[in-house]
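Residue strings, one per chain:
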Amino acid sequence: MSIEPISIRTPARAPTIAPALVVKGLGKRYPTAGGLLHAVDDVALSIMRGRSLGLVGESGCGKSTLVRLIARLIDPTAGSIMLSGAEIGDVPARRFGTRPERARIQVVFQDPSDSLNPQFRVFDSIADPLRRLGSARGRDAIAEKVNATATAVGLPPELLMRYPHQLSGGQKARVGIARAIVVDPDVLILDEPTSALDVSVQVVILHLLADLRQRLNMTYLFVSHDLNVVRLICDDVAVMYLGRIVEVAPVAQMFAAPAHPYTRALLSAIPGGPVTERIRLNGEPRSPIDPDPNACRFLGRCPIGADLCSQKAPRLAEVAPGQHAACHFPTT
Amino acid sequence: MSLPATMPRPIVASDPPEKVALVDVQDLSVSFRTRDGVVAALDRVSFSVARGRTLGMVGESGSGKSVSAYALMHLLGAAADVSATRMTLAGIDLLTARPDAIRALRGKTVAMIFQNARMALNPIRPIGLQLMDVLRRHRALTRADARDAALAALSEVRIPDPKRRFDAYPFELSGGMCQRVMIALAFASEPEVLIADEPTTGLDVTTQATIMDLIAEKAARRAMSTILITHDLALAAEHCDDFAVMHAGHVVERCTTETLKNAAAHPYTSLLVGATPTAASSLSGLSAIPGNLPDLRATLPACRFAHRCAHRRPVCETPLPRRVLDPRHVVACHMPWKGTP
Amino acid sequence: MTHESTPLPRRVGAPQRAPSSLAQFAANLAHVLRTNLLTAFAALIFLLMILAALLGPQIAPYDPLATSANTLNPPSWSHWFGTDHLGRDVLSRVIVATRIDLGIAVSAVAISFVIGLTLGACAGYFGGWTDRLTGRFVDTIMAFPLFVLAMAIVAALGNTVWNIVLATAIINLPFYIRFARAEVNIRRDAGYVEAARLGGNSAPRILAVHIIPNILPPMMVQVSLNLGWAILNAAGLSFIGLGVRPPTPEWGIMVSEGANYIFSGEWWVFFFPGAALVLAVFCFNLLGDGLRDILDPKGRT
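Protein chains in written order, with my numbering: chain A, 1359 to 1690; chain B, 10 to 350; chain C, 5 to 305.
Same shape as in the complex, but just chain A (with noise of 0.2 Å):
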């Protein structure tokens, strides 16, 4: 997994394989009353095919708001998003439903309570990304198509014909997954898939996510609160604070040893951690509104408060092999 400054990327240097999924500098402002909003900024990440990345951040740090720009359903105020090299992001998110780019990237969503229509039945939710984006044309094909995903997700057929009111939280989950994967996609984006689930049917889930990437040779971007969740499932996790990246790192990595101070303070925060000393964040988060921009955004909460810090914003800089993060202090 690299990131690459836009500076540097020449045809000379770009890789022979293109990754999944790439994001450069992709930034969403929303003017509000007080000022401008700045939800998401100056976001850069790269993944490869069949890789998979952990975003993980608190609420309010931007990741809804990210997944939601990757996945074409707002349009970013700036930046570039490459879907297996092809610009995505230029295109307004109301006209992106009828480009073959749609299939390409999909979501599976936090809620399955809130994310199946309640007047479809499964097999209508699952068939109707297929009936507008897929190659499947035909009752037959479609029937076939959606009976094969249900079996690739371990829903059995006769749960097909139900409503969503009547399924458990686990076979609603199921049902999410199959829907994204009908279609299938080169990037499936996975907005906290496990946390409204039991923790055994979570476990259930997660094994069925790591199986299918295996076997689709898919790109996940896995976006959670719970690191735990991410260590088990993710090659690499990027951290997010305030709308932007603070670090990126393999995920076995950043647990041995985090470099931010925000993820220090993350993983220390965790019960049954890898962190025992508790590492408390006192203070409030900065306003997301008309930010400093020569100021760290985590400063003010963080244990480190240097002049420095309020004089210039860290940017994005690997501090170990592999390892990137935004700060002029990490922890080596």
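The hints are simulated quantities; they were obtained by calculation from the structure and are not laboratory data.
Being a predicted model, the structure only gives us computed values, none of them experimental.
Heads up, some of the hints might be wrong.
Listed next, with one range per pair, are the computed distances between beta-carbon atoms [said to hold, decoys possible]: (1) E1459(A) <-> A212(C): 22 to 30 Å; (2) D90(B) <-> P1514(A): 32 to 40 Å; (3) V47(B) <-> R209(C): 45 to 53 Å; (4) Y1388(A) <-> L58(C): 55 to 63 Å; (5) M344(B) <-> A31(C): 37 to 45 Å; (6) F151(C) <-> A153(B): 50 to 58 Å; (7) G86(B) <-> S1493(A): 14 to 22 Å; (8) P1515(A) <-> A31(C): 18 to 26 Å; (9) A212(C) <-> A1675(A): 46 to 54 Å; (10) I1662(A) <-> D90(B): 43 to 51 Å; (11) A30(B) <-> Y1388(A): 51 to 59 Å; (12) G86(B) <-> E1459(A): 49 to 57 Å.
Non-contacting residues of chain B with respect to chain A, defined by C-beta distances greater than 12 Å in every case (computed) [as the list claims (entries may be wrong)]: (13) R42; (14) R60; (15) Q139; (16) T308.
Residues from chain A that face chain C, not an exhaustive set, calculated with beta carbons under 7 Å [unchecked claim]: (17) G1455; (18) R1460; (19) Q1464; (20) V1465; (21) F1467; (22) D1472; (23) L1474; (24) N1475; (25) Q1477; (26) D1486; (27) P1487; (28) R1490; (29) L1491; (30) S1493.
For glycine and all other residues, C-beta sits at the position ideal for the given N, C-alpha and C.
Put chains B and C on the given structure of chain A with help from the hints.
Coordinates of chains B and C only, in the frame set by chain A:
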């Protein structure tokens, strides 16, 4: 019928603090009369909490954890049939106490905090005033004194800038801050028992840690007993002294945290532990719990876990025993594991 | 009860097959009717009204328009509801009037519903100028006392049955527009709507296929409640002489004609059509409540 005690039973100086059970529930059974039949929600549930200790009630959703707490507080509706051999709280016998005595208990001796804090607060009243209401109800305070006490309570739960936040409405505060306000409300009356029903579900992990620390801090200061209801085993393991593991309306195991982590005797407990990701787990090392919770409307067998258990034997169809493996370890199983499974 | 040795998920004691939605609807319906006698009663009255509307002329004992010399006879065995000032049988007129009153109400509500649903749904989903313009349109209608507005419309367009339908439909529009707008607004950001977008659905398709089926159940309840109001409105217009003309039997006209005889003691001339009106409105209100219970199984504990 005996008159309810109005004062908690005096603690005898010679009793070591751990021995005094502040909450003692024996054989609590609750069933609900619904349109679809009678739901046997709880079947002879027993648990107790000593003064100053924290009990974690864990289990899958629908196992009866919240119902137990609500039954304790007499908050279940008219459709519930509650029966128990014993149900005492801070010395008061809840089975024979009059309704107004129980009402007086709630909020004063027993406090409860809930999952969705913003929903539990009055949306049209500033939080400062809500705090003042509770403070004035439990202590005779003038308006000015109550206001000062409310401000002090807000800073005690570490709400930044309490003076400004005093006039804030719940919708203006984040989930974590609403939860802190709820904790402040709960502690306004200096309760002896705190029941926390999923207090941190839905909150960020850093906020979760802060909230749990806050609860632990206050509990330690006042030797308060806490019942923590959660489906997050890792969270409970970090903050609880004892455990009551619930499955389908049964308490299948009562043990200490140490025992839970290393020497769980009930198959369900070990499966629960085995399904919870920790910093050391790997995906292949986690295993799901087979089967589903049984339908509580049907007639149920003696062991409600048997249909999911890999070690089921014919003896499992006979009434469940309560095996006391050692003073702090009780298992409801015919063949509990001894030592590491 | 069986024991499982395999780890397949299976609910012990739960039903094996999921019932179809029709079977579930029927089951809910049967349950509501069994437990709620008022709803059952309302359903019965509703069926009787439909029968009267469809078969009115056939089942009426006398020709509703036939005058006779037996004017103002009190209720008797030959004339159960008595006769009016022109010797016409009141019972026959009440029965035959069901067709017109129900017809006007149903037509007006249908038009109102369809247009209101479309406008409101678009306003709620697209927001922006669509919402603002629709809002101003609704505000304009609601600036008038609605009955007076109906009178004005009928007076301006002409005194026909169709114009009563139109007037009633227009004054009912704000109700449906607002309701549809609110319901669509709630669901606009639901997970399944985003999933539909991800699935390549266009905005009109999302509205029509994904969102509107979800708001139909609560709207059906409103329709039922609204029908009662529409009947009253039509009868009210006829009462003051706008709309249906004599000698056509219609409850409003009959009450109006009978009003002349209240003090002279011939109470049956206005009472029975009035009672029919009350019964009809009552029936629709009760049905609305019952419909809500039937269509929303999650509301039951």
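To see whether the hints hold, each was checked on the structure:
Between E1459(A) and A212(C) the beta carbon distance is about 25 Å. The supplied range of 22 to 30 Å therefore holds. The hinted window of 32 to 40 Å between D90(B) and P1514(A) holds, with their beta carbons roughly 36 Å apart. For V47(B) paired with R209(C), a C-beta distance near 46 Å keeps the hint of 45 to 53 Å intact. The supplied range of 55 to 63 Å is met by Y1388(A) and L58(C), whose beta-carbon atoms lie about 58 Å from each other.
Look at M344(B) against A31(C): about 43 Å separates their beta carbons, and that is inside 37 to 45 Å. As the Cβ distance of F151(C) to A153(B) is approximately 56 Å, the hint placing it in 50 to 58 Å holds. Between G86(B) and S1493(A), the C-beta spacing of about 54 Å breaks the proposed range 14 to 22 Å. Range check, P1515(A) to A31(C): about 24 Å between beta-carbon atoms, so the 18 to 26 Å window is met.
For the hinted restraint 46 to 54 Å between A212(C) and A1675(A), the CB-CB distance of approximately 51 Å keeps it satisfied. For I1662(A) paired with D90(B), a C-beta distance near 59 Å fails the hint of 43 to 51 Å. Separated by about 55 Å at the C-beta atoms, A30(B) and Y1388(A) satisfy the suggested range of 51 to 59 Å. Range check, G86(B) to E1459(A): Cβ separation about 53 Å, and the 49 to 57 Å hint holds.
The non-interface label for R42(B) is consistent with chain A: the shortest C-beta to C-beta separation is roughly 23 Å, beyond 12 Å. At the 12 Å boundary, the C-beta of R60(B) stays outside the reach of chain A, the nearest C-beta of that chain being 25 Å off. Against the 12 Å criterion, Q139(B) stays outside the reach of chain A, whose nearest CB is about 22 Å from its own CB. At the 12 Å boundary, the C-beta of T308(B) stays outside the reach of chain A, the nearest C-beta of that chain being 22 Å off.
Here the hint on G1455(A) is kept, as its CB sits about 5 Å from the closest CB of chain C, short of 7 Å. Interface restraint check: R1460(A) against chain C, minimum CB-CB distance 5 Å, threshold 7 Å, status holds. With a cut of 7 Å, the hint placing Q1464(A) at the interface with chain C holds, because the nearest CB-to-CB distance is about 6 Å. The restraint placing V1465(A) at the interface with chain C holds, with a minimum CB-CB distance near 6 Å, inside the 7 Å limit.
Taking 7 Å as the C-beta contact cut-off toward chain C, the hint placing F1467(A) at the interface holds, the least distance being around 5 Å. For D1472(A), the shortest C-beta to C-beta distance to chain C is roughly 4 Å, which falls under 7 Å, so the interface hint holds. The interface hint given for L1474(A) holds, since its Cβ lies 6 Å from the closest Cβ of chain C, which is under the 7 Å cut-off. Interface hint at N1475(A): satisfied, since its Cβ lies 4 Å from the closest Cβ of chain C, which is below the 7 Å cut-off.
Because the smallest distance between the Cβ of Q1477(A) and any Cβ of chain C comes to about 4 Å, under 7 Å, the interface hint for this residue holds. With a cut of 7 Å, the hint placing D1486(A) at the interface with chain C holds, because the nearest CB-to-CB distance is about 5 Å. Given the 7 Å rule on beta carbons, the hint for P1487(A) holds: about 3 Å separates it from the nearest Cβ of chain C. Hint status for R1490(A) relative to chain C: holds, with the closest Cβ pair at about 4 Å, below 7 Å.
Among the interface hints, the one on L1491(A) holds; its C-beta lies about 4 Å from the nearest C-beta in chain C, closer than the 7 Å criterion. Because the smallest distance between the Cβ of S1493(A) and any Cβ of chain C comes to about 13 Å, over 7 Å, the interface hint for this residue is violated.
Hints 7, 10 and 30 from the earlier list are contradicted by this structure; the remaining hints agree with it.
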